[in-house]
Amino acid sequence: MLDVLVRTLNQLPAGFADVAGVWVAALLTLAVLSYIFGNNPVFRLAQYLFVGVAAGYAGALAWTQVLWPRLLLLRSDPETYWPLGIFFLLGILLLARGARPVTALADLPLGVLFGVGAALALGGALTGTLVPQVQATIMPVNPTLYGGGLAGWALAIDAALVIIGTIAVFSAFQYTARSRGFLSGFRNALRVGAGSVGRGLIAVSFGALLAGAFLSFFAVLSSRIAFLVSDWLPLLGRLGL
Amino acid sequence: MIVCPNCSHKNPEDAQTCEACSKSLASFEYRVCSACGATNPAANAFCHRCLSALIPDAADVGEPEEEPQKPPPAETRPLPSEPSPKPWGRIDDELRWLVEDRQDTPPPEAAPSILPVEPEEPVQASEPPAAAPVRGEEAAPEGKGEPFPPIGLPEMPPIAGEQAAQLAAVEPEADLPPEERQPLLPEATVDTLADLDNLLPMEPVIATAHRVEATEQVGPNEVDRYDAGLFHQIATERAPLRESAQEVLPPRPPALPAVGRVLLNLMVLMAALVPFFTGGWITPWVQPQESVIALAGLIQELPADTTVLLSFDYDPAYAGEMDPLARAVIRHLAARSVRSVVMSTNPAGLGLATRIYTEVADESPAYAEYGVNYAILGYLPGLEAGLRTLNGTLANAFHTDAVSRAPLSELPATRGLATLHDVDHIILLSDSPQSVRRWIEQIRSRNGVSLHALVTARAEPILVPYQQSGQLQTLIGGFQAAEYELVAGVRPSALNLADAYAALFVVLVAIAIATNVAHVLGKRQRRKLAR
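In order, the protein sequence lines correspond to chains A and B.
The first sequence begins at 29 in our numbering and counts up one residue at a time.
The second sequence begins at 156 in our numbering and counts up one residue at a time.
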């Protein structure tokens with residue numbers, strides 16, 4: 029049956045696949061853009077289609093690119109690639125999660141999955157983010173170290189702002205009781221003031237993130253409209269529409 | 156039958172010693188009913204289950220040592236024949252009767268029983284139960300062990316007049332003696348205790364057909380209609396206001412938000428359509444950023460035998476933003492004949508990479524043949540764990556390439572590529588900061604290889620600290636594709652997008668100014684109204 033399908037597709041005129049692809053992409057683009065009029069069945073159809081196709085594509089890719097080549101390796105040289113067999117077995121045990129009587133069998137591969145993932149993520153966060161970022165925050169504020177002059181002062185002020193901003197943002201997440209005792213008024217005022225500054229900086233950061241997201245979405249919109257105008261409308265013109 | 160207290164053997168009534176163990180039965184505690192076999196205490200005269208006499212005949216039992224003493228008759232004080240003129244006078248008489256000595260009055264006749272009475276054995280409720288003889292016990296002294304004198308009911312005065320007529324309607328046989336009255340309940344034709352199935356004669360009751368009585372439909376009358384109309388009038392009419400009172404209406408929601416949303420959407424759409432009318436008019440005003448210049452200069456200076464690893468980690472949803480930048484960089488690499496090795500940690504990235512490389516292969520002779528100057532390794536699953544495998548040998552992560560399925564050692568583009576140290580630069584094309592952070596944490600922190608991140612506009616602000624700390628050598632946003640094309644001198648395809656971005660910036664600034672002016676003016680108006 030697959031051969032019949034392949035032969036049929038080969039017999040199609042040249043460029044048919046491109047044209048069909050353009051039509052499908054254009055109709056789905058219009059279906060997604062119909063959300064501007066509110067949630068409607070056409071938009072939902074496109075949404076479900078997207079989810080299904082993405083899942084199917086990922087599954088097919090996982091089989092063709094990951095599992096099948098490794099199965100072939102295991103079959104060709106079991107003595108060298110025997111660890112792959114163990115991981116295949118763990119993967120099969122993972123499928124037991126869907127069957128209630130044997131769902132406990134999936135605990136082992138899940139434990140391996142989560143344990144390894146957590147360990148790698150934690151180790152990477154420590155050595156790749158936390159320590160380097162703390163080191164990068166410790167910056168000198170001496171203008172002469174930056175070459176002096178106006179540029180040196182600018183860089184020194186920039187470094188000071190980075191340090192102050194980092195401390196202020198940390199202060200914004202402090203949830204402790206008011207200080208008492210020696211210089212409690214000053215300490216409380218300092219903490220509250222730093223927290224306010226930190227919250228302001230967080231708001232600015234969120235604003236920048238929102239602006240970046242808006243820019244990304246606009247770029248996608250622009251590219252889709254360019255596709256509709258450049259690739260799809262000519263097809264409509266050929267049909268006489 | 157008497158139950159032996161020692162071995163629980165059932166002995167006849169007249170047995171003196173147990174037939175089984177020869178123990179004396181003088182102080183037996185339990186007696187077995189001969190009718191139903193239930194075990195009863197020795198003091199019981201009647202079986203607790205079947206109510207039959209446990210000692211059927213005194214002659215069968217034998218002469219007791221003592222005759223049972225009959226309790227003295229209960230004394231009752233008869234009520235006065237005429238009712239007291241006051242309603243509570245009769246109650247006083249009853250209370251007086253209760254506190255006086257009842258020994259002087261004879262017991263009244265027992266009230267007629269409402270239970271079905273068998274003609275052969277009339278039940279006399281007034282007779283007290285006979286005390287069960289206990290062998291071996293001496294006669295109780297006088298005054299002790301006497302049963303409680305029965306409480307006789309006072310004699311009710313005859314009922315006459317209207318009350319009699321009412322009673323006659325309810326109980327037409329009230330004046331008949333008990334033996335002539337018809338039983339209220341149908342007599343049981345079967346001994347109820349012998350057969351539990353006929354315990355209650357349910358057949359006459361069940362056989363009676365249920366009659367549904369039609370209920371009269373009652374509708375509203377004139378009074379109900381009047382009340383309903385009055386209620387409606389009261390509920391709906393407006394309350395009369397005094398002259399000084401003002402009618403306060405709810406504030407009308409401003410029409411601007413809905414119109415403003417539509418207007419904003421239209422303006423954004425117009426900004427996206429601008430490139431079709433301008434054709435790159437923004438080009439002279441494009442100022443490339445320092446990071447773009449740095450990356451373009453870096454690639455420009457790469458020798459031809461350099462190997463660059465590209466990772467297509469962005470989703471097709473962001474292809475509109477990332478494709479132009481990816482295309483520009485790959486064209487630049489092809490122009491420099493730099494070897495590029497492609498992989499992806501996103502399943503859909505391979506398709507995007509294949510599409511772009513196919514386009515570039517048609518344009519550039521250096522990339523015309525697959526496997527010579529470029530190779531697509533494939534999809535690397537496992538997120539952090541997958542990236543960790545790259546720290547070993549590349550063959551561990553990718554046994555073959557994704558297109559020709561050949562081992563890496565057989566392709567010219569990947570020959571000699573054992574580890575990441577053989578790669579000069581890693582260029583990440585990603586739409587999420589988490590993906591870039593994984594590369595930094597798992598690869599950069601362990602190998603020291605230089606990372607260049609080309610990301611979407613929404614991911615760029617989050618990765619700036621990594622650039623400032625030196626963990627990322629380059630950080631470029633997807634909207635900077637036009638800048639890269641200008642600096643690198645490659646075929647322009649993203650300049651139209653720059654026109655759209657410029658138009659969008661103009662729209663956003665205009666909207667910001669308009670909304671702030673409207674807010675200020677609206678505030679003034681509200682203050683005027685408040686005064």
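Be aware that a few hints might be false.
[Unchecked claim] Label-pair restraints from in silico Cβ distances: (1) B/T513 - A/G228: 43 to 51 Å; (2) B/N376 - A/F65: 53 to 61 Å; (3) B/P405 - A/V159: 55 to 63 Å; (4) B/P395 - A/G228: 50 to 58 Å; (5) B/L418 - A/L267: 29 to 37 Å; (6) A/V52 - B/L428: 37 to 45 Å; (7) B/T513 - A/Q161: 51 to 59 Å; (8) A/T204 - B/P405: 39 to 47 Å; (9) B/N551 - A/R215: 27 to 35 Å; (10) B/A472 - A/Q161: 26 to 34 Å; (11) A/F234 - B/V661: 23 to 31 Å.
None of these hints come from the bench; they were simulated from the model.
In this text, a Cβ means the ideal position worked out from N, Cα and C, and glycines have one as well.
Against the structure, the hints come out as follows:
The supplied range of 43 to 51 Å is met by B/T513 and A/G228, whose beta-carbon atoms lie about 49 Å from each other. For the pair B/N376 and A/F65, the supplied restraint of 53 to 61 Å holds, since their beta-carbon distance comes to about 55 Å. Between B/P405 and A/V159 the C-beta distance comes to about 59 Å, which sits within the given range of 55 to 63 Å. Distance hint check: the CB atoms of B/P395 and A/G228 are about 55 Å apart, consistent with the given range 50 to 58 Å.
A hinted range of 29 to 37 Å for the beta carbons of B/L418 and A/L267 is consistent with their spacing of about 34 Å. At about 23 Å, the CB distance of A/V52 to B/L428 disagrees with the hint of 37 to 45 Å. With their beta carbons about 40 Å apart, B/T513 and A/Q161 fall outside the hinted range of 51 to 59 Å. A hinted range of 39 to 47 Å holds for the C-beta pair A/T204 and B/P405, which are about 45 Å apart.
Here the CB-CB span from B/N551 to A/R215 is close to 55 Å, at odds with the stated 27 to 35 Å. Remark: the range hint 26 to 34 Å for B/A472 to A/Q161 is upheld by a beta-carbon distance near 30 Å. Checked against the hint of 23 to 31 Å, the pair A/F234 and B/V661 passes, with Cβ atoms roughly 24 Å apart.
Consistency note: the structure conflicts with the earlier hints numbered 6, 7 and 9.
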